[in-house]
Each structure stands twice: as structure tokens, then as C-alpha cells.
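Asks: The hints should help you fit chain B onto chain A, whose structure is shown.
Residue-level listing of the chains:
Protein chains: 2
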Amino acid sequence: MSNYKELSPSLRTIMTPGPVEVDPRVLRALSFPILGQFDPEFTSLMNETMAMLRELYMTDNEWCYPVDGTSRSGIEAVLVSLIQPGDKVLVPIYGRFGHLLVEISERCGAEVVFFETEWGTVFDPEEVIKAIHAHQPSLVAMVHGETSTGQMQPLAEIGKACRELDILLVVDAVATIGGTPVETDAWYLDAVMGGTQKCLSVPSGMAPLTYNSRVEKKLMSRKTVERGLRDATSARAEGRTIASNYFDLSQLQDYWSSARLNHHTEATSMLYGLHEGLRILLQEGLDARFQRHRINERALVAGIQGMGLKLYGDMSSKLPVVTCIEIPDGIDGESVRSMLLNDFSIEIASSFGPLKGTIWRIGTMGFSCQRKNVLHVLGALEAVLLRHRHTLPAGEAVQAALDVYAGKEGVLC
Amino acid sequence: MSNYKELSPSLRTIMTPGPVEVDPRVLRALSFPILGQFDPEFTSLMNETMAMLRELYMTDNEWCYPVDGTSRSGIEAVLVSLIQPGDKVLVPIYGRFGHLLVEISERCGAEVVFFETEWGTVFDPEEVIKAIHAHQPSLVAMVHGETSTGQMQPLAEIGKACRELDILLVVDAVATIGGTPVETDAWYLDAVMGGTQKCLSVPSGMAPLTYNSRVEKKLMSRKTVERGLRDATSARAEGRTIASNYFDLSQLQDYWSSARLNHHTEATSMLYGLHEGLRILLQEGLDARFQRHRINERALVAGIQGMGLKLYGDMSSKLPVVTCIEIPDGIDGESVRSMLLNDFSIEIASSFGPLKGTIWRIGTMGFSCQRKNVLHVLGALEAVLLRHRHTLPAGEAVQAALDVYAGKEGVLC
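Residue numbers (UniProt numbering), protein chains in the order written: chain A, 1 to 413; chain B, 1 to 413.
Pulled out of the complex, with its shape left as it was, chain A reads as follows (with noise of 0.2 angstroms):
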């Protein structure tokens, strides 16, 4: 017999940078029975999604689809399947998030070429640009908003720089996409990669990504049916095979067309609950999310500043779903976040490397970018700052917040 206590998980408001709150029809959606993996009412759902990430996107991209694992699967899928041992790529960074990309980069066996900017800044695109321009890499790969700073990058000079050279730019928009415009052709991106559990507030556990028809062509030319399937007339790669069966996007491609090859077995439940989250995406509409999104924000900031705390990082290029907040000197940061875990059941983050212990950071996305949980999440620190002895003008934050909600800041709510 089993001592294992059932399940009963505490109520979080979870006001991270992801995992977020997931909407309860996207819960509801993952305890459907499930369906088999070819049966043409579970195909018919694979291709509605494909469809609804298509506007995600933003995208006439043909391909458009998850693959099965948490947000950084869905990066390596992309660099593996387009990165031959030699390629050069290059990769600006401006927080942890570039420096995975250098990571998976390297582990496919590029020639990685990499500069960074200061933490709580992005690049200007002419210095990028102007990268590109002198190391001619075959493949860029950025991060376009960054939860470790706060920080979200514009890309569509870049974009245009690229294609003007016929070089590949792959995107990290795990952070972003759902939450603020990812604007893949209009931007010119190549392959773009989003997760689920952020502005999407579907749970960790899938990689949706998009990517153009430059993208399919190197794809194509590394393809290899799977041993065990193929037969006399099946592709096989003419230049060197991809180096993972899991992430080898020319066999997943084949699995999400029409033609089904068998691959892995598709997650079916996570299917359900991306399928559930675009739908409800798509009735909320994408301007009047990305607007949600932003008079959240407002709040936050308001409401942060007028506690009097400072925010961390350049305010012109501020990742809209991510508020990164100084900790005050004399203020352990740990022991707020607990103190706000354990007695007030909300949860914020620390931060990575250089930032661990100096910023705590907030998110505002998903179904967990909502009003209440904006004033929440601020008299609660409020409190817990007056608890740890920190001197703050009481009762102004969520007044700040109310003022932005109320438009009393000539924004319209």
C-alpha cells in the first residue's frame, strides 16, 4: 500500500516569470480522455493548432507546431536541425537566456561567436548589424525578451539585415510570444521559438515554434527518414544528418503533415491544453491581449514605484511582461520572497548569475496578468516590507496601481 498522499496542491498566485497561472479551461481541457495519435479526431485537433499558432506567429508559414518538451526543447529542435559541426553563429547577448543559446550552439558544434551587452540593456540594432557584417555567420540566434532582465530586444532591423545577406535569424520568444506582438515576417525571422508557460498560461511541457520555408529548405537537404521506417525511395540526408532523432524537425514535419510518418507519440493531454489556450487567445484577440498586458504592466510599475522601490534595468527597452525591482540595500531578498510564498501564498523571482540576491522580478502574463493580482501581489510586498523594518509611504502602492486602472494617468484602461 502506498504512503504516498494524494495530491492537493496549495492555491498560488504565481506572479513569476513563468511557470504562470494556467486559465481554468486550459485545465479543464488537460483532463479530457485521451484519443489515439492517429485517430482523425486527435489529427484534426494536431491541425487546428497548427493553424491557430499560425496567427500566434503572425506567420503564413506553412509549418507551425510543438514539439514535445519544456520552452528550451523547442530552441535546441531548431538549432540542431539547422546547425552543421563548423557553421558559424553568432549571438548577441543581454542576460542568461543568450548565453543558452551559446550553450546549445556549441554543444551542436558551431563556431560560436558571441558578444555581450550590459545586463538591463539591449543592443542597438546598427551594432548588431554591424556584427553580422564582419563575422558573416550562416545563422544569428537571439533572445527577444529576456526574463532574466527584463529586457525585450527589437528585431525587425535585424531581421531585414539578415535576409538582406541571406543569413538565418532564429528568435527565443518563449517569453514574449502571447504576451507582446512576435511579428515573424513582418520582422523577417526564420524560425521562431515560443513555450507554454508563460503568456500562454498553458503548462510547461511543449515548444510551440514556427519556421519559414528558408528554414524547411536546410532542413530538407539534412533529412533522413528514420531507420526501421524508410525504405528504398526514402530521403536521406545529403549533408550531414541532424544529430538528434528527438529534435530532427525534417522527421517532426513529416509527422505533423498529412502524411503522419510515426515519430514519437504526440503528448496528447499537453495537446489538448495548447489547443485550449490558443482557442481562448484567439477569442480574448491578440491587440486587446497585448494591450491586458500592458495596463497590467502600468499598474505594476506604478504601483512599485510608489512604494518607492526602483526598477531595475533601461525603461526604453523594458520587457513588458517581466518588471525587474531593485532589492533595497539592507533587505534580504530571500527571505521577502518566502515570507510572501509562505504567508501570503504569492510567488515572485529572484534572479540569475550577476542578478542573483540584487533583483527580484515580476511577472505580469498570461491568466496571471490580471488586476487582482497586480494589487495582490503589491500590498502584499508593501506588508512584507514593513515587516522586514523596511520605511516606505504605506497605502500608496495599490493607490498608484487604482490611479492607473481608474486612467487617471491618461491611460486609457
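Hints are computed from structural coordinates only; laboratory data are not their basis.
What follows is a set of in silico ranges between Cβ atoms, one per label pair, in the way DEER data are often shown: (1) B:F115 / A:E126: 57 to 65 angstroms; (2) A:R230 / B:Y255: 33 to 41 angstroms; (3) B:S221 / A:D124: 37 to 45 angstroms; (4) B:P354 / A:A235: 17 to 25 angstroms; (5) B:N342 / A:R230: 27 to 35 angstroms; (6) B:R28 / A:Q399: 38 to 46 angstroms.
Heads up, the beta-carbon is just placed ideally off N, CA and C, and yes, glycines get one too.
Replies: Only chain B this time, still in chain A's reference frame:
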């Protein structure tokens, strides 16, 4: 406004070799609100999951945890983490999934030695041991249960031989784990990779695995802490770095250890599902669960034979959770499968490669492995075959199965 209809999947009787029906308790667990990945409540669920996996894998191994991906993600994680380019890997093949082990090992850069036995049979362990002595590989990879052919390879003697020669033996137990014994320690298996969507009756999307200290030692020699997290004291590989970040077991192990070094964002809802699936399994008890799988298999086999159909493959090495049936001459196998699905909402499987169109495969796995399902599939298959003008002794199949359940064939139910 979205045009996509609300999710409303049909209720299926899923009698394939996976994915199979999910236990309703697991479906409920999937619908619980999520916790943050470093929330102490969540990390405690992660630890409980590891402890339950130890019981499932019949092991004292410290490391038992899921990779966030479908079953083959666990296989690739073990192979890419252990194989250095140029390593010699031996793969004895007796079905499609042996070919997958070759495919993945080749992509990891291994020098793969493989040999195949006739599909529908398994290897005499002595034959494999002779090949191991002859080729002296650094790693042997084998499938425990081949769903493509319905065969199960005895592993104990091969395991002992590998241990004596200090060769690593890694085993794909995706089909068998939770349905029939997988004795990790007693059989000297160094790494065992399972799946959720078969005998555990959890949706596809996680790959629970286990490995021992021999494997861990190899991992540690290749360990490099992730860029963006490492400092001067962090581990850097002595040997060649593992070619994948997502599948780097040395990093995953840090994430699952008390250090909780950040890697991916754990797939919360799937972890809930796995946790609940394992609770159900331990409440039933491994022995009772294996016995249940055996009795339903016997009833199914008796029914299939009762309607005069021929089983495919060597019965002495039959995989107890999958039953393969030769499609009678003159019958269109796909037409039968379609009618089962469309009229009876029952799904059975075809097979791959040389067996495509020649056999049906019926799974008796996990929650799907129950009396009512066996009786339904037999009755429906009989009716569909009659409808296809196949001659058979009407009524016999279900009666033969009922006889087994009634203990009339010397079987204790």
C-alpha cells in the same frame, strides 16, 4: 473571434500498444492548479515521484526521474549522455524499436554494430553474449519489449555478462514498465528508459528513467555546468561535453538533486499525472498489477484463438502486454480497423515496416487492461470480421475469454 470548436473528444476504448486510456484519477490530477517549479510543495512532489519510481524500477538507484518529453526523449537522453563520438555500441535488433536504438546511437556519433534476428522472435541470450565478447563494445543497447512484433527479450543473462565485462547495458523498457517485471538491479541493467503512455496509463509526454552509479560516473566525467549559471568552481567536462543541453543527464541530475540547479521548467501538470499514476500503481501493488496484465492477456489470446485467428510470433517469448494477430487472407486490415473505430469507438493498431498490413496489434496495458475492454474488443472484432464476410465460429471468442476469467482453463482469476 475564434472559429475553433470547444474540445469534446469522443470516448474511445483504446486497445493499441499505446497510448492507452488514462486512469480517471490521473486525468483529475492533470486538472489541478499548478505550483511554481521551485515551490517547496512542488519539489517535494518531485522527490516523492523519484521514490515511487525506485519501487517501479525495482532498484536501489539514487537516480530515478523523468525527462520532459515523450518516451523516446528518455532513450535519447541516456544514449547522448553516455555515447562519445567513436564509441562502439552494440544493438541486437528484433523489431522496429531496435532500429530506433541504432538510429539514435548513430546520430550520437557511435560506431554501431548491429545484427537482427527474425521479427516475431527474440535472441537466445547466448547469441547476444557471444557477440558482446566478439565486438567488445563500450555499450549494449536493447529493447525489453518490442511493441512492433509483440516479443519480449530475456535480459538477466545478458546483464550479468555485460557487468562481468564492465560494459554498460541500457534498456528500452517503454512497453514493459508497469505491466510486467523490469528488474533493474537483479538483471544488472545500468540504465532503463520507460514511458508514461503505455502500462502506466498516464498521457504521453514524460520519460521516466533510472540509472546506476556506473552510469553516473560516466556522466560526471562529461559534466559541464550550463553557461550563464557556472562560476569558477563549476564542473567542466574532462571528456567531451555531452552533445545536447536538453538531454544532458548530468545537468538534469543537478536539477533533480537537492541543489535544484536551474535547467528547464519542469512540466508541472505532467508531473502531477505521473505522480498520481505511480500512486495508483503502488496502491494496486506491482505483483497484483502484473497478474492483472497476465490474466487479461490470457483471456484475449483465448478469445482470438476461439474465433479461429492465428497469433503472430513465437509464443514462448510473447510480450504479455501486446498480442499480435495475423490478418486473415482476403481481409483488408485497415478496413477492419476503421470499422472498429467508427462503429464501436475501439482502437487497435496495425504495425510497421515488413509487418505493415500483415498483422493487427492489440494492447492490454495499464488502465485499458481490464475485463470489459477485452470482452468488448473480442465481440466487436468478431462482428466486424463477419461484416467483412470472414468465416468464423460466431460467439466463441467472448465465451473463450469468459472461460479464462471463470478459471475454467486452469487459470486462477
